[in-house]
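S.K.: Letter by letter, the chains look like this.
Number of protein chains: 2
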Amino acid sequence: MKSTKKFMLPESEMPKQWYNILADMPVKPKPLLNPATNEPLLPVEMEAIFAKELTIQEFSGKRWHDIPDQVQELYKMYRPSPLVRAYALEKELDTPARIFFKNESVSPVGSHKLNTAIPQAYYNKLQGIKHLTTETGAGQWGTAMSLACKHFGLDLTVFMVKQSYLAKPYRKVVMGIYGAQVHASPSKKTAYGREVLAKDPECGGSLGMAISEAIEMAVTGKETRYVLGSVLNHVILHQTVIGLEAEKQMEMAGFFPDKVIACFGGGSNFSGISFPFLRHKLKGEKQLEFIAAEPEACPKLTRGEFRYDFGDTAHLTPLIPMYTLGNEFSPEQIHAAGLRYHGGGQLVSQLKQDGFITSTAISQKESFKAGVLFAAAEGIVPAPESNHAIAAVIREAIKARESGKAETILFNLSGHGHLDLGAYSEMA
Amino acid sequence: MKSTKKFMLPESEMPKQWYNILADMPVKPKPLLNPATNEPLLPVEMEAIFAKELTIQEFSGKRWHDIPDQVQELYKMYRPSPLVRAYALEKELDTPARIFFKNESVSPVGSHKLNTAIPQAYYNKLQGIKHLTTETGAGQWGTAMSLACKHFGLDLTVFMVKQSYLAKPYRKVVMGIYGAQVHASPSKKTAYGREVLAKDPECGGSLGMAISEAIEMAVTGKETRYVLGSVLNHVILHQTVIGLEAEKQMEMAGFFPDKVIACFGGGSNFSGISFPFLRHKLKGEKQLEFIAAEPEACPKLTRGEFRYDFGDTAHLTPLIPMYTLGNEFSPEQIHAAGLRYHGGGQLVSQLKQDGFITSTAISQKESFKAGVLFAAAEGIVPAPESNHAIAAVIREAIKARESGKAETILFNLSGHGHLDLGAYSEMA
Numbered sequence: 233m234k235s236t237k238k239f240m241l242p243e244s245e246m247p248k249q250w251y252n253i254l255a256d257m258p259v260k261p262k263p264l265l266n267p268a269t270n271e272p273l274l275p276v277e278m279e280a281i282f283a284k285e286l287t288i289q290e291f292s293g294k295r296w297h298d299i300p301d302q303v304q305e306l307y308k309m310y311r312p313s314p315l316v317r318a319y320a321l322e323k324e325l326d327t328p329a330r331i332f333f334k335n336e337s338v339s340p341v342g343s344h345k346l347n348t349a350i351p352q353a354y355y356n357k358l359q360g361i362k363h364l365t366t367e368t369g370a371g372q373w374g375t376a377m378s379l380a381c382k383h384f385g386l387d388l389t390v391f392m393v394k395q396s397y398l399a400k401p402y403r404k405v406v407m408g409i410y411g412a413q414v415h416a417s418p419s420k421k422t423a424y425g426r427e428v429l430a431k432d433p434e435c436g437g438s439l440g441m442a443i444s445e446a447i448e449m450a451v452t453g454k455e456t457r458y459v460l461g462s463v464l465n466h467v468i469l470h471q472t473v474i475g476l477e478a479e480k481q482m483e484m485a486g487f488f489p490d491k492v493i494a495c496f497g498g499g500s501n502f503s504g505i506s507f508p509f510l511r512h513k514l515k516g517e518k519q520l521e522f523i524a525a526e527p528e529a530c531p532k533l534t535r536g537e538f539r540y541d542f543g544d545t546a547h548l549t550p551l552i553p554m555y556t557l558g559n560e561f562s563p564e565q566i567h568a569a570g571l572r573y574h575g576g577g578q579l580v581s582q583l584k585q586d587g588f589i590t591s592t593a594i595s596q597k598e599s600f601k602a603g604v605l606f607a608a609a610e611g612i613v614p615a616p617e618s619n620h621a622i623a624a625v626i627r628e629a630i631k632a633r634e635s636g637k638a639e640t641i642l643f644n645l646s647g648h649g650h651l652d653l654g655a656y657s658e659m660a
Numbered sequence: 233m234k235s236t237k238k239f240m241l242p243e244s245e246m247p248k249q250w251y252n253i254l255a256d257m258p259v260k261p262k263p264l265l266n267p268a269t270n271e272p273l274l275p276v277e278m279e280a281i282f283a284k285e286l287t288i289q290e291f292s293g294k295r296w297h298d299i300p301d302q303v304q305e306l307y308k309m310y311r312p313s314p315l316v317r318a319y320a321l322e323k324e325l326d327t328p329a330r331i332f333f334k335n336e337s338v339s340p341v342g343s344h345k346l347n348t349a350i351p352q353a354y355y356n357k358l359q360g361i362k363h364l365t366t367e368t369g370a371g372q373w374g375t376a377m378s379l380a381c382k383h384f385g386l387d388l389t390v391f392m393v394k395q396s397y398l399a400k401p402y403r404k405v406v407m408g409i410y411g412a413q414v415h416a417s418p419s420k421k422t423a424y425g426r427e428v429l430a431k432d433p434e435c436g437g438s439l440g441m442a443i444s445e446a447i448e449m450a451v452t453g454k455e456t457r458y459v460l461g462s463v464l465n466h467v468i469l470h471q472t473v474i475g476l477e478a479e480k481q482m483e484m485a486g487f488f489p490d491k492v493i494a495c496f497g498g499g500s501n502f503s504g505i506s507f508p509f510l511r512h513k514l515k516g517e518k519q520l521e522f523i524a525a526e527p528e529a530c531p532k533l534t535r536g537e538f539r540y541d542f543g544d545t546a547h548l549t550p551l552i553p554m555y556t557l558g559n560e561f562s563p564e565q566i567h568a569a570g571l572r573y574h575g576g577g578q579l580v581s582q583l584k585q586d587g588f589i590t591s592t593a594i595s596q597k598e599s600f601k602a603g604v605l606f607a608a609a610e611g612i613v614p615a616p617e618s619n620h621a622i623a624a625v626i627r628e629a630i631k632a633r634e635s636g637k638a639e640t641i642l643f644n645l646s647g648h649g650h651l652d653l654g655a656y657s658e659m660a
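Chains L and S, in that order, give the protein sequences.
Each residue of the first sequence is one higher than the one before, starting from 233 at the first, in our numbering.
Each residue of the second sequence is one higher than the one before, starting from 233 at the first, in our numbering.
This is chain L alone, in the form it adopts within the complex:
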């Protein structure tokens, strides 16, 4: 039996800079628009909502951004994360494909979200902010932000989509352990939440609504800013630490990927693992494919329109040029709550539009079947979100078996499913 093999990067080899793909994109995305004026948004207009340094990163065209020393130190809690050759999965699938995964589930919060939560808390702290607000769907982002805020001594208020709040009670236990205030959204804490509840007291909420509440509290509060866990350029910038590590680890393993696969919600884990590899494709140095694995319930890249849309339901955000199902789109209840966002974000959408990446839609049933197969082979029970990536990998591995092609597939295991076993039980 050939067991799993992991490639560990020494801490000294950890990336010292994040990679900004905007610098290498042949077609730059259209600007964000101020919805009041329909004019391109200025960085200064975002500073009421976001920490100044994050705003700078959001608009930056600079290729490399230094990772602050203190952020690097905190990354060492759990980074570098392992790159694993999934021999057992390959054997199970009887495929000539070489399957590697980057294991982001090893972070103390169980997902890749901490990669951006730490710098976001750091830059806010540096600026003298005392209180942060955010939203969370599945709870992964809220958990990560809670721990990051605990480290920097910041207060955090989390608006958690009510359906998830009720379905995943343990997520709020963890956020509570880390000291965050968690409210089910829509809540009575904001004018927008009260307005929604007045119309529909039973409203189960959505990520768009929770974002609206969190932004409202940020702009109306003292020494308060808002933080977002996906979609935006600065978030994606931070997540490139995944792919930059993976690039070195694939070199240790002696292979370069032919296909890079990740699940796709707001784009942060997909972009995080993909963009450092994609830069070689943009420069024409390498040929490889990028596949975003979406849920059938919310396939914005696969079936959405490419146009300007709001990032939230109350229309408090700028207009973003992106693939979207519409900001009012309400996807059915799937266990992968982290993939229920309506839009694809500026960078990924433009890259999709220009043919550099593709997407595929996976049914919930197929995703869980894939997750169980992976868990039995590799031991790790994946998050429902990550199961979409695994399902896409399995499709490619089976194609490779049929064609006899020994290609190399790399995917991102964005998180573990220890808090989602109820979902596994239901789907069994």
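A few of these clues could be false.
Pairs involving identical chains hold if they fit within one copy or between any two copies, as the list cannot separate such chains.
Cut-off 20 Å, straight-line C-alpha distance, at most; resulting in silico cross-link-like pairs (SDA-like, lysine to any residue) [said to hold, decoys possible]: (1) Lys238 - Val338; (2) Lys480 - Met240; (3) Lys238 - Asn335; (4) Lys308 - Met240; (5) Lys518 - Asp586; (6) Lys308 - Val338; (7) Lys238 - Glu483; (8) Lys308 - Pro242; (9) Lys323 - Gly411; (10) Lys480 - Pro242.
Source of the hints: derived by calculation from the structure; they are not laboratory data.
Please arrange chain S on chain L, whose structure you already have, making use of the hints.
M.R.: Chain S only, in chain L's frame:
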């Protein structure tokens, strides 16, 4: 802010042998007795229950045992585990003590139990056994054994203490994903289970009863053997991989522990981290303390008697010379179900008797308070069992603050608490 610092051992430095403390004990423990004859048990008498190689290890006086290549390969799924300097916890406690922990929660099953599950499945497979039986309390051991059996293509039947089976439904979901058959014990699957249920249909079970059922099925089944997750010498032998790694990592960190602390159920995680360090004390090379952290609800080392007792309730096991609360002892329901075993095992009990180790009893309330403090500082939510170790560490760290002594404390984080968040919620 000084962040957490982890010390990673390269895979090439992983231990190639397990350490058997029996070789270095000044007073050898009294023999196991065959209860039918009251004569010392012979290895051959255990072979109907356990794989032959495990029986050899159980009685071995040899200091070092080679770790088979295939076991070493499978260890690399998650080993070497990190050694972490808990700067954030030190800061939170305002202590001059240096606190290190060995993070065994990184295994795919979330605890140290896989360290012995892998070799136990391996030796049984080697012998041509097809089916294994075991018991589990909290579910950590059953989960580990399920994954190990999946890897080696062995069938596994797990008897899970009924109270845990009902209180921790997600554990059986994971065991099911790994392909094990799980029964609530007492069950109708065995004569002993049926006998118990006839007397008390509502019986919630105990670890002793579950062991009795698993052994009965092993000795009556074809090509079937039994495996145990703690207490016995061969189990402890396998777990020394923890302490042997930690020894090298403490050297990397530049410190030698003054105190080694672990929670104590059947002794496997305590012995695993302690014995490699204890050998230096037995040889007179080093002075250091070893503290077993027990729950107040089941304090066998702290308040039990040192005498011969059975390992199970139906009296199917040999008589073991050990600290015991009596094989009929039924501890109150605590969340740390893995610490509810009545006996201390042969090796640890003798070492306690001879003054080489000490123990302390921790209330459930103190244990959870410690766990929450640790989680908020270091990010990892610990298993309820591990919380006992953390509580004992905090006591020592506070003593160090009071005395101003910059001592070095090492403890074993035996597992994470991702499947115990309901318990955290109740204890909040």
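S.K.: Take the hints in turn and mark each one as holding or not.
M.R.: Here's how the hints hold up against the structure:
In this assembly of identical chains, the alpha carbons of lysine 238 and valine 338 lie at most 20 Å apart whether taken from the same copy (13 Å) or from different copies (13 Å). Within a single copy, lysine 480 and methionine 240 get their C-alpha atoms as close as 10 Å, and across copies as close as 18 Å, so both meet the 20 Å cut-off. Within a single copy, lysine 238 and asparagine 335 get their C-alpha atoms as close as 10 Å, and across copies as close as 18 Å, so both meet the 20 Å cut-off. Proximity of lysine 308 to methionine 240 under the C-alpha cut-off of 20 Å is found in both arrangements, the shortest distances being 13 Å within a copy and 11 Å between copies.
In this assembly of identical chains, lysine 518 and aspartate 586 lie within 20 Å of each other by CA distance solely inside one copy; the values are 17 Å within and 67 Å between copies. Proximity of lysine 308 and valine 338 under a CA criterion of 20 Å is satisfied in both settings, with 12 Å inside one chain copy and 15 Å between copies. Taking the shortest Cα distances, lysine 238 and glutamate 483 sit within 20 Å of each other inside one copy (13 Å), while across copies they are farther apart (24 Å). For a Cα distance limit of 20 Å, the shortest separation of lysine 308 from proline 242 qualifies both inside one copy, at 10 Å, and across copies, at 16 Å.
In this assembly of identical chains, lysine 323 and glycine 411 lie within 20 Å of each other by CA distance solely across copies; the values are 17 Å between and 44 Å within a copy. For the homomeric pair lysine 480 and proline 242, the shortest alpha-carbon distances inside one copy (10 Å) and between copies (17 Å) are both at most 20 Å.
Hint check: no violations occur; every hint is consistent with the structure.
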